[in-house]
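So you can see what is in the structure, the chains are spelled out below.
Protein chains: 2
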Amino acid sequence: MPLKLTILGSGSAVPVLGRGVTAQFLNINERRFLIDCGEGTQLQLRRFKVKFQRIQAIFISHLHGDHFLGIFGLVSSMSLLGRTKKLQIYGPEGLEEIVRHQFKLAQVYLSFELEFVTLSCKDKTLVFEDASIQIFALPLKHRIECYGFLFIEKQDELKIDKDKIQEYQLSLVEILQAKRGETIQRENETILAEQVTLPLEEPCSYAYCTDTRPIAKLPAWIKGARLLYHEATFTQKHNDRAKATGHSTAADAATIAKEAQVARLLLGHFSTRYKYTDEFKIEAQPIFENVTCVEDGDVFYV
Amino acid sequence: MPLKLTILGSGSAVPVLGRGVTAQFLNINERRFLIDCGEGTQLQLRRFKVKFQRIQAIFISHLHGDHFLGIFGLVSSMSLLGRTKKLQIYGPEGLEEIVRHQFKLAQVYLSFELEFVTLSCKDKTLVFEDASIQIFALPLKHRIECYGFLFIEKQDELKIDKDKIQEYQLSLVEILQAKRGETIQRENETILAEQVTLPLEEPCSYAYCTDTRPIAKLPAWIKGARLLYHEATFTQKHNDRAKATGHSTAADAATIAKEAQVARLLLGHFSTRYKYTDEFKIEAQPIFENVTCVEDGDVFYV
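If you read the sequences in order, they're chains A and B. Letter 19 of the first sequence, counting from 1, is numbered 44 in the working numbering, and no numbers are missing. Letter 187 of the second sequence, counting from 1, is numbered 212 in the working numbering, and no numbers are missing.
For reference, chain A alone in the conformation it holds in the complex (with noise of 0.2 angstroms):
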């Protein structure tokens, strides 16, 4: 299972209860990430049994407290309950100040590192790299400064075609240039990597897009992705307000994926003056096939 989603929150900035405002867990190959940390998080963390101390990087999309309240609480309770694992905060411009104050004037210690990455950039930037995973930070457009997350799972090594060993003899050193991708080159003979291996299969990847009005760079930047969650705050009847407050509405979100040519998109961040989700996908579906409305404690694989 390289990518597990679970929904900490699906609301918008007005909690109620039984969907709380956004948050979202990310494990991507074994690295775990909270997306996102409005008030209330680390209950709805309790709520659906994560193990939060194994998180290892909190990424924050933008300053609107129903997206990053819940951090105070969450890194106070970590710290409580003894971490010592040093953990990383993304977020824009203005989070570490209001974080390491709000600390300060409480008098409170930390038991763990907290090192923050302060996000600025105007077009899509790799934040975060390791041997099994990239980050890259989506300029979003909202109200405020604000940033979409994609994560990307590395190719592993290419997978070695077996007919193919027999039939170009191929020695242990030969198989090994070819997983790297390398050319094989004998005497009277070169062998191409793809002569021998087999195709890639399609990197597992996960969008996260919210709150942002339609971005018309939005599909190149994260085209194939296997999941994309992107906001729809409003539907196509309240279009208006969606673009006087920076939001998008579930035809706009399911354009984006249809344009994006993204494998799956699951809505969100609901507007509390709609009753039901059925309205979303209503009106996302002819645009979108493949659509989810999502509900706190839902969980996606991939």
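It is possible that some hints are incorrect.
Note: identical chains are not told apart, hence a pair may lie in one copy or across any two.
With a Cα cut of at most 25 angstroms, we get these calculated SDA-like pairs of lysine to any residue [to be verified]:
no.	residue 1	residue 2
1	187	159
2	74	43
3	268	108
4	147	226
5	76	314
6	74	322
7	74	107
8	242	150
9	129	117
10	300	73
11	74	42
12	111	52
13	204	227
14	129	147
15	184	326
16	300	319
17	76	43
18	129	118
19	29	319
20	129	140
21	268	318
22	306	157
23	29	108
24	306	240
25	76	42
26	76	44
27	129	142
28	268	57
29	129	167
30	76	111
Bear in mind the hints are in silico, worked out from the structure with no lab data behind them.
Chain B: place on chain A using the hints.
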């Protein structure tokens, strides 16, 4: 019903499912206050069906996250739901700065006026008064600056003893004088107000004291309160932890209640290390009989 207290959160620093961080809703003589406002308080207000737009002021004891982090979300929601009435917030130095700074960063413009009253006192101090109640701040002793609060119903005018009207042949003017507590001066006779009025009932009062180590002056400050909420983070077996962290044990709280001769003691702010609250009651009751360990959602009347 002069006083109704709703426990919104009864836990200490680390919230768990079923026991949220500190917050209480108090209705005293139809004045409505929120006392402390830990993370998630807006959802607890919804859960326990409190109409939060009617709150006229919030009293924050201190700047530890479990007592004030819910302010940002609650105030934002009040604004998004169209509040126009001014809201007062009483709390220690630093609270106004952090709240205003956070709203500024998020570019949140509230639909109503937020008025801060910064507390700073070394002794019991009157901080609010209107026609029907008085509120005092009580400087507590915790790791950082911290205040308790005493809410007192103001006495109505005195009640006339009807038998005395006949006995003293009181005129209407004289009755009104006596009700106001004034002495009635006749040509050959002086009648004191207490001669013709009924003895005063004990005024309705509520003392809220958390977080604090036991304070020698506290019983004098809250003498005879009808209801006392006092923190009991620990029991005596963790008295060393209580001392080290600036908290009280159940025995400490019961001793305060006894010395203050309050009518009823509520215990809360329990450390999550205790599985059951029975331990607290068993420790407190031999010292002070009328004691209750509170749960989220409990309602108390005076």
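| said: With identical chains, the pair residue 129 and residue 147 could be close in the same copy or across copies; at 25 angstroms between alpha carbons, which is it: within, between, both, or neither? | reply: Close across copies (23 angstroms), not inside one copy (32 angstroms); limit 25 angstroms.
| task | Since the copies are identical, ignore which copy is meant and state whether residue 187 and residue 159 lie within 25 angstroms (CA to CA) inside a copy, between copies, both or neither. | result | Neither way: residue 187 and residue 159 sit 30 angstroms apart in one copy and 85 angstroms across, limit 25 angstroms.
| message | With identical chains, the pair residue 111 and residue 52 could be close in the same copy or across copies; at 25 angstroms between alpha carbons, which is it: within, between, both, or neither? | response | Within one copy only: 18 angstroms inside, 45 angstroms across.
| Same-copy or cross-copy closeness of residue 129 to residue 140 [CA-CA at most 25 angstroms] | This pair counts as both: shortest intra-copy Cα distance 16 angstroms, inter-copy 24 angstroms.
| said: When Cα atoms must be at most 25 angstroms apart, do residue 74 and residue 322 count as within-copy, between-copy, both, or neither? | reply: both (10 angstroms within a copy, 24 angstroms between copies)
| query | When no copy is named, should residue 129 and residue 167 be tagged within, between, both, or neither for a Cα gap of at most 25 angstroms? | reply | between (30 angstroms within a copy, 16 angstroms between copies)
| said: When Cα atoms must be at most 25 angstroms apart, do residue 184 and residue 326 count as within-copy, between-copy, both, or neither? | reply: within (23 angstroms within a copy, 72 angstroms between copies)
| field | Identical-chain pair category, residue 300 with residue 319, by Cα at 25 angstroms | value | within (14 angstroms within a copy, 34 angstroms between copies)
| With identical chains treated as interchangeable, where does the CA-CA distance between residue 268 and residue 318 reach 25 angstroms or less: within a copy, between copies, both, or neither? | within (21 angstroms within a copy, 51 angstroms between copies)
| message | I want to check one pair: residue 300 and residue 73. Are their C-alpha atoms no more than 25 angstroms apart within a copy, between two copies, both, or neither? | response | both (24 angstroms within a copy, 21 angstroms between copies)
| Is it within, between, both or neither when you check residue 147 against residue 226 at 25 angstroms Cα-Cα? | This pair counts as neither: shortest intra-copy Cα distance 30 angstroms, inter-copy 69 angstroms.
| Should residue 76 paired with residue 314 be assigned to within, between, both, or neither, using CA atoms and 25 angstroms as the limit? | Answer is neither: 34 angstroms inside a copy and 41 angstroms across each miss the 25 angstroms cutoff.
Violated hints, in rising order: 1, 4, 5, 22, 28; the structure is consistent with all others.
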